Amino acid sequence: MSKPSDLVQGTLDMLLLKILALEPMHGFAVCQRLKQVSGEILQVSDGSLYPALHKLEQEGWITAKWKRSANGRRAKYYSLTRLGRRQLEKEADKWGRLSHAITHVVKLREA
Amino acid sequence: MRPEHWLYTIPLRLRSLFHRTDADQELDEELWDHVQRKTEQYVANGMALEEARRVALLEMGGIEQTKEKCRETRRVNRIHDFVQDLRYGFRMLRRSPGFTAVAVVTLSLGIGANTAIFSIVDAVLLRTFPYPDPDQLVLIFDVPSNQPDALSGISYRDFTLCREQNRVFSEMAGNSFHDLTLTGAGEPSIVNTADVTPQIFPVLRAKPLAGRTLLPEDGKQGAAPVAVISENLWHSRFGSSPAVIGQSIALDMRPFTVVGILPASFRYPDGSPRQDVWISVAQDPLFGPRLSQPGSRVLAGIGRLKPGVSLAQAQAEMNTLGTRLAKEFPAEDAGFTIRIEPYRQFVVGDVKSPLLILLGAVGLVLLIACANIANLLLSRATSRGREIAVRIALGAGRARIVRQLLTESALLALLGGVAGVLLAACGVWSLRPFLPSQVTLINTIHVGGSVLAFALLLSLGAALAFGLAPALLATLSNLPANIQDGAERSGQRSGQHVRSFLAIVEISLAMVLLISGGLLIRSFALVTSVDSGFDSRNVTEAEISLPQFQYATPQQWTAFSNELLERLHAQPGLRDSALAAPLPMDRQGEATMTFSIVGDPPLSPGQSPTADYATVSPDYFRMMRIPLLRGRFFSEQDSPSNPKVAIISQALVRRYFPNRDPLGRQMTFGFSPNSHVSREIVGIVGDIRDVALSRKPGPMMYVPFAQAPLYGGEVVVRSPLSASSVAAGIRQAVGSIDRNLPVTDIESLNDALGQSISQERFRTFLVGSFSALALVLAAVGIFGVVSYSTSQRTHEIGIRLALGAGRREILRLILGQGMKLALFGLGIGVVAAFLLTHLMSSLLYSVSATDPVTFASVTVLLLAVALTACYIPARRATRVDPMVALRYE
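Chains as they are written, first to last, in the working numbering: chain A, 6 to 116; chain B, 11 to 899.
The shape of chain B in the complex, shown without the other chains:
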């Protein structure tokens, strides 16, 4: 039955929709025709013409109302009503440009801030990785059992065994990175090379743009060396020539054949600087030989879980394998277990909770903005009381009016939303240089589809939030009372309560935000003022990496470093220089190593002590102004042929040599293959913060560079010269030894320190700005409420003045009203803050979440601002002319 039904009714409804005026006219005609016939009938029965017409009309019951009832039966009314509401809404907004401007600006600030933060959240937390099913990917690390956070790579042997024996991964791969010199394709240059096991391509489900990726045969020792290049490299170095497949290139002077091109959209790991070349790790000049060293943990592992396998199952399996390995190969693997980490979590990492806190903070700002606008709308709604009353009298249903008012609010909100999105886009674009590195590396933050959808939802939600209360209140007002003059005042009662309530809410929200901001600011101030343990003023650092094919032996490395330091010292202004690997706050992280103390009873595996390791030139401590507490610094005597020595930090002494003298004792540690070298402790130096300013100094052990050289390191120079002169000097010194050796990552040590707390700085800046915004909005809010209520009380104030009240009393009256609101809001805000700030205690550095100093100072600040905001309307009240006020109805 239904389809036939539609056949009849659809044309009808469409007609109603599109030929509205025609349908209306017909209705009109029809009803008037009826009235006409009725009139004629009465006249025929003997009534007078006018009387007959009057009765006929009366019996119709009001043409307009009947028409409306007829119209209501046509359900397409809704759409037409909506369009009508929109047009009316536009007219109303245009008629009061001041109100519209204030509301739109307020909304755009609130929605814009939320959209900006959400776009970051979207890019970081909700983002998609360029690999299918990224939630199946896990990273695989070796960790000491007693220090599960000291992530380390796995050795090739362990990797192969795990890969063969596990039942949880559909495929497993390992990788490392190395900078190699590319020749044979234009100018020699350094390319970031990924040294991989061929399985990485199936793990990441990578599809080549052309040619192929690595096959399992390519991963074997002695296979023909092949390479896969990135699309970017193909464009930049090979001129996008299709003949690149099969072409021969040389990496560190070794020939490789290009077999494929990977698309530019493929990056691994997501967020690292781009890799340009992929080769089998067995072919890498540095890591290739290390593969056969069982203790050499060179590979970062990644695996794809089999479908249906949970993380817990996989971790349990890896635990079993780890125990088996430790038992089979105690020399290298005792005390280690295998730890897996979901890839997504690792990349997103510790940015999640701070971002969510930011989102919460900015949400509060929007709520405050909505409260402000609700207040504004309330004032407007009550002054439109008469218009609404007339409407109701004409037959508009209450629901219809509420719908219309809500449409107006929605219009306002959408305008604010559009402005907000624009603001957000500008804001994110201009904030990019300040974003912490973890965030920018991850993905391009752009205002895309999901962000826009979020902004739209937020706008509509805001419209509901600030529009509903005024709309409902406006229609609840007393009908006949509103049409009379002077009745507008009586409608104020309930409105005033809601307004005061909103103002109190605003202030308490602002209070919460301000306290959070204050805590973060205090925390940040403490972090930046902390003593790093070394002097970082006027210090420049630069990174040098020695290519394998030229500098293959440790002796060459040592010779190079000695030569370099000599040349640096020869330059005026660069005398205060040294070499170290790694430096504090090194971008590649710290080097954590296990060690054992010679003569101590052997500890069970998993109990080995660990410390951060650094290899340094003799002048390092002096140059960095790290104090010598006991013993001596390194010197030229500590050469490879002399007994091996080490210097330890005070924290190491405190933790592992309590009540013992460490000088003269020996410790065993080192990079494979030198992990069993015993070194005599000859000195104790002061602690430094080597990971981040916000982290307490941990135990450190230093070795002389000559006795433990590396193929690269950081040059540090303290100089009064300008940064560019220092950079030039370093380059010159390096270039005079080897013309082709690049010097990279030249920056000031202070910048590196700043980088280590870039997240904290960003957070503090953002929350601080939001708090300031919230304070302004709350001040405006309280100003608005007090101001409005004062203007409503003009009559009453006039009477008081006329009866002899002093100006000061009036002042106190108004101020008292305002401050009562403020105090309420403050009280609620303090309690709420007390309960909520512990959520952000993970972000606070040595500041308690209920720090009384912050609470007190923020309270004072808010009271002062509230007082100022109330003062202006209060002053205006004192200037009221009683005569004018009494006349005002």
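Isolated chain A (complex conformation):
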């Protein structure tokens, strides 16, 4: 497994929120989905995932519910709240501007 790239805390929050925006899921599924959609590039360590999820819950951006999954197993499902959706938009916006700026600097012509 390739080493996960350094993820700044803020971007991790944004990524988690986006994953949960797709559909409600439990922590393990979030981790898997993120790996999947990013082509194995973005991976969260288990030790950081849950504290991050709990923090998002604390902030009121996601909410949790214990549900029985299809095979009868109990798991804690997280879903995005209205507040979370707004936060996600804000973060995505910020990220867009940041990445655009960085790209611009990198693409400058060298003398």
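These are computed hints drawn from the structure, not numbers from a lab.
Model, not experiment: these values are computed from the prediction.
Treat the hints with caution; some may be incorrect.
[Said to hold, decoys possible] DSS-like, lysine-lysine: derived pairs with alpha carbons at most 30 Å apart:
| hint | chain 1 | residue 1 | chain 2 | residue 2 |
| --- | --- | --- | --- | --- |
| 1 | B | Lys337 | B | Lys316 |
| 2 | B | Lys654 | B | Lys706 |
| 3 | A | Lys72 | A | Lys40 |
| 4 | B | Lys230 | B | Lys79 |
| 5 | B | Lys230 | B | Lys316 |
| 6 | A | Lys72 | A | Lys112 |
| 7 | A | Lys81 | A | Lys40 |
| 8 | B | Lys79 | A | Lys72 |
| 9 | A | Lys23 | B | Lys830 |
| 10 | A | Lys81 | A | Lys112 |
| 11 | A | Lys60 | A | Lys112 |
| 12 | A | Lys112 | A | Lys99 |
| 13 | A | Lys23 | A | Lys40 |
| 14 | A | Lys81 | A | Lys60 |
| 15 | A | Lys70 | B | Lys79 |
| 16 | A | Lys70 | A | Lys23 |
| 17 | B | Lys316 | B | Lys362 |
| 18 | A | Lys23 | B | Lys316 |
| 19 | A | Lys95 | A | Lys60 |
| 20 | A | Lys99 | A | Lys23 |
| 21 | A | Lys81 | B | Lys79 |
| 22 | B | Lys316 | A | Lys60 |
| 23 | A | Lys40 | A | Lys95 |
| 24 | B | Lys77 | A | Lys70 |
| 25 | A | Lys72 | B | Lys230 |
| 26 | A | Lys95 | A | Lys81 |
| 27 | A | Lys99 | A | Lys72 |
| 28 | B | Lys654 | A | Lys95 |
| 29 | B | Lys217 | B | Lys316 |
| 30 | A | Lys95 | A | Lys112 |
| 31 | A | Lys99 | B | Lys79 |
| 32 | A | Lys60 | A | Lys70 |
| 33 | A | Lys40 | B | Lys79 |
| 34 | A | Lys81 | A | Lys23 |
| 35 | A | Lys40 | A | Lys112 |
| 36 | B | Lys230 | A | Lys60 |
| 37 | A | Lys70 | A | Lys112 |
| 38 | A | Lys95 | A | Lys23 |
| 39 | B | Lys362 | A | Lys40 |
| 40 | B | Lys77 | A | Lys81 |
Given chain A, put chain B in place with the hints provided.
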């Protein structure tokens, strides 16, 4: 956005707080669920079950730590942590009862002493008066310009003019006091009456309980006599009957109508014995006629400043008015100015700085106690090193551990605080009889809200003081080293330095306190051994006051006094008796008067000499054993019809008759209306201390009672008989002349002398006790430090002994270590004392603040105590068995 945010998060946090175990269990479930799924995934990818599980767990990074991190995101952790810390703290304290007991006792002594003193400070300095806006109240006095401290009342005329002409007071009033006989309401009795101008009620914003207070019309001459009574009198003499308003009573045989009742919470002045009746001063049988005498300074003035007017402005205004009065009425007011004094300052007066010094002293005691406990905690902290190291390994943050240790300290401090408050309450209650009169009269000293708040703050402050250093030190220790065996010793190094430092601090603080105590003790010893100028052994004094309605003229007063002395002399054992007004150390104070010497060039107003005045019966000097230096004593020849005479004291001669013979010269002085009577000086007597033992004798002038009688005075009797027999004899003599005449304030002259230095005695006693306490604490402190370090060095001592060191060398080694600490502390303490004791030089009587005798003896004392304290652990060290010590790891 915020309110919605809270809507989501509050239920969550509450849940975390109250359903802690549920939330925890969920967390656990969640994480294990993740691990389980991961394991399944690995197994599905072909890994063996155990291997898959191991990797999954590894990737989780430690379930407990991750759980803790999750928990930390929930900010309610703090409260739960705190409760946990408290419970743990209790367990730890219970586990070492010896340590807990010592610490709590030490703390309770320190906090208790501070709380007790603070409760006095609170009652005296921070107290509230029963009048609204008491800081606007000022007292108004007439003073001679050259003696601004000789406070005197103002005359009615001056009062009226000032009241009309001033622009700084919203209202001004005057008052005096008199004991009158109340009849018409049960048994005749003496009531303390306040003779007031009606404005005093608006000045003090007094509200009557029923009826009304005096109106301005009641204050005019010739108005219908009305009286306001106190609630206490209403209960005791009028049976709380509502019909008392309108009832007629008689004061000194004059009829008054009761028009109102004042509540029991109202007292003026605050601190005096209660007044039971208020009447207009114009109606008083004694002072009423005096109002029209312009030189009669009968009124004590009080005024309420207008809002926004400063004290300086008011004083300036009064100065102007005073000058105007002196110019308009030179006969009475020349040489006088008007002085105002804030009411609060007057009542609290000179008690402020001694109390603050006491507070400082007792604060030092608490610091020493805290240092002791810090030392104790340090020893404990290093032995708990392993426990703390394990905690850190399990993931506890350093801040968390420091918080936990501080909570333990706070718990200890609060226990000590509670015990201390109880101790303080008992202490203040049991000390009440010894408190100086100025303090007890002022207010009930009780352990109330502000005092408790002070105790709480102090406890928490103490907890921080003694808990912080050990807590920080404990977490600074080396982690892996501590978990190993035998590593506890290596953590001692830094601990030892802090311990020694604390011991040195303790000793220097104790030194400062001891030197202060020593100085006060020396000062007090000197005060009590001073020669008062008269012989006070076996002397009883009693006060007699003649009611106006029966004894209206000076002739009657003289006749009474002669009769009384005759009857006293007739009784066996009471031959040695006399009459005087006032007596030395009289509770009502001395009588200071201006005088002029006939034949001397007239002095400018404000330059008049003053002396203390007393009117005495002829036998007075002989009876009090005051020596006659020149001339003669008074005799029966000095009657009202014969030329007026006077006797002066040596101090007066020295100050106002240098190089001149006073005998045969004349002085002019006297109580109005006799202030212009010239009296020939016929004798010079020795000086006496008439104000207080601690004050040097001042100039005094005496007149024969027959030539200057008063409506009351003090009987003094020297008798070998018992005090009760003397009292009975006096009462019998008085009663045989007039059955209804009360005799009050019977006490021994020695007691009165003691009263005059009651403040000094109280201070000395307190600071002395604190010094003793500080000495004990410091001794315990140094004992603890040396003892602990010795026990840590057992191994080293064993080696030394094994290598051939003698027992005496070991002794010297340990003693040397201890005495080095003591000497350091001593040195610092001496220097600090040198710099600080000048702060209390106002309290010292003829002892310099750097008195070498005191410094030397205290040094010796402290060295001796330190030596003793070090000796015990040193002896224990010599008894170390080398074999045991070498085996000890």
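Okay, the hints, checked on the actual structure:
1. Taken as a hint, the Lys337(B) and Lys316(B) pair is honoured in the structure, with Cα atoms around 27 Å apart against an allowance of 30 Å.
2. The straight-line distance between the Cα atoms of Lys654(B) and Lys706(B) is roughly 29 Å, inside the 30 Å bound, and the hint therefore holds.
3. About 24 Å separates the Cα atoms of Lys72(A) and Lys40(A), which keeps this hinted pair within 30 Å; it holds.
4. The hinted pair formed by Lys230(B) and Lys79(B) fails the criterion: a straight-line CA distance of about 85 Å is larger than 30 Å.
5. At roughly 25 Å between alpha-carbon atoms, Lys230(B) and Lys316(B) fall within 30 Å of each other, so this suggested pair holds.
6. A threshold of 30 Å between alpha carbons decides the hint, and for Lys72(A) with Lys112(A) the separation of about 48 Å lies outside it, so the pair is violated.
7. At roughly 20 Å between alpha-carbon atoms, Lys81(A) and Lys40(A) fall within 30 Å of each other, so this suggested pair holds.
8. Taken as a hint, the Lys79(B) and Lys72(A) pair is honoured in the structure, with Cα atoms around 24 Å apart against an allowance of 30 Å.
9. Taken as a hint, the Lys23(A) and Lys830(B) pair is broken in the structure, with Cα atoms around 70 Å apart against an allowance of 30 Å.
10. Straight-line distance between C-alpha atoms of Lys81(A) and Lys112(A) comes to about 44 Å, which puts the hinted pair past the 30 Å bound.
11. Among the hinted pairs, Lys60(A) with Lys112(A) is inconsistent with the structure: their alpha-carbon atoms are about 36 Å apart, more than 30 Å.
12. Proposed proximity of Lys112(A) and Lys99(A) is supported: the alpha carbons are some 20 Å apart, at most 30 Å.
13. Pair hint Lys23(A) plus Lys40(A) holds up; C-alpha atoms about 13 Å apart against a cutoff of 30 Å.
14. As the CA atoms of Lys81(A) and Lys60(A) are separated by approximately 15 Å, the hinted pair is consistent with the 30 Å bound.
15. Simply put, Lys70(A) and Lys79(B) have alpha-carbon atoms about 21 Å apart, close enough for the 30 Å limit, and the pair holds.
16. For the proposed pair Lys70(A) and Lys23(A), the alpha carbon gap of about 18 Å is at most 30 Å, so the pair holds.
17. Using a Cα cut-off of 30 Å, the hinted pair Lys316(B) and Lys362(B) holds, with the two alpha carbons roughly 27 Å apart.
18. Of the pairs offered as hints, the one joining Lys23(A) and Lys316(B) is violated, with about 72 Å between alpha carbons and a cut-off of 30 Å exceeded.
19. Distance restraint check for Lys95(A) and Lys60(A): the Cα-Cα separation of roughly 18 Å lies within the 30 Å cut-off, and the hinted pair is therefore satisfied.
20. Proposed proximity of Lys99(A) and Lys23(A) is supported: the alpha carbons are some 14 Å apart, at most 30 Å.
21. The suggested pairing of Lys81(A) with Lys79(B) holds, with an alpha-carbon distance near 18 Å, which does not exceed 30 Å.
22. In summary, the hint linking Lys316(B) to Lys60(A) is not supported, as the alpha carbons are separated by about 62 Å, beyond the 30 Å threshold.
23. Of the supplied pair hints, the one linking Lys40(A) and Lys95(A) holds, its CA atoms being roughly 23 Å apart against a limit of 30 Å.
24. Distance check on the hinted pair: Lys77(B) and Lys70(A) sit about 19 Å apart at the alpha-carbon level, within 30 Å; holds.
25. Straight-line distance between C-alpha atoms of Lys72(A) and Lys230(B) comes to about 94 Å, which puts the hinted pair past the 30 Å bound.
26. The straight-line distance between the Cα atoms of Lys95(A) and Lys81(A) is roughly 26 Å, inside the 30 Å bound, and the hint therefore holds.
27. Using a Cα cut-off of 30 Å, the hinted pair Lys99(A) and Lys72(A) is violated, with the two alpha carbons roughly 34 Å apart.
28. Restraint check for Lys654(B) and Lys95(A): not satisfied, since their Cα atoms lie roughly 107 Å apart, outside the 30 Å limit.
29. Distance restraint check for Lys217(B) and Lys316(B): the Cα-Cα separation of roughly 20 Å lies within the 30 Å cut-off, and the hinted pair is therefore satisfied.
30. Between the alpha carbons of Lys95(A) and Lys112(A) the distance comes to roughly 26 Å, so the proposed pair stays at or under 30 Å and holds.
31. Restraint check for Lys99(A) and Lys79(B): satisfied, since their Cα atoms lie roughly 27 Å apart, inside the 30 Å limit.
32. The straight-line distance between the Cα atoms of Lys60(A) and Lys70(A) is roughly 15 Å, inside the 30 Å bound, and the hint therefore holds.
33. Between Lys40(A) and Lys79(B) the alpha-carbon distance is near 23 Å, which keeps this suggested pair within the 30 Å criterion.
34. Between the alpha carbons of Lys81(A) and Lys23(A) the distance comes to roughly 18 Å, so the proposed pair stays at or under 30 Å and holds.
35. For a cut-off of 30 Å, the pair hint linking Lys40(A) to Lys112(A) stands: about 28 Å separates their Cα positions.
36. Annotation: proposed proximity of Lys230(B) to Lys60(A) is violated, straight-line Cα distance about 83 Å (limit 30 Å).
37. With a C-alpha separation of about 46 Å, the suggested pairing of Lys70(A) with Lys112(A) is violated against the 30 Å cut-off.
38. Between Lys95(A) and Lys23(A), the direct Cα distance comes to roughly 12 Å. Compliance with the 30 Å bound is thereby established for this hinted pair.
39. Of the supplied pair hints, the one linking Lys362(B) and Lys40(A) is violated, its CA atoms being roughly 77 Å apart against a limit of 30 Å.
40. About 15 Å separates the Cα atoms of Lys77(B) and Lys81(A), which keeps this hinted pair within 30 Å; it holds.
This entry does not satisfy hints 4, 6, 9, 10, 11, 18, 22, 25, 27, 28, 36, 37, 39, going by the numbered hints stated previously.
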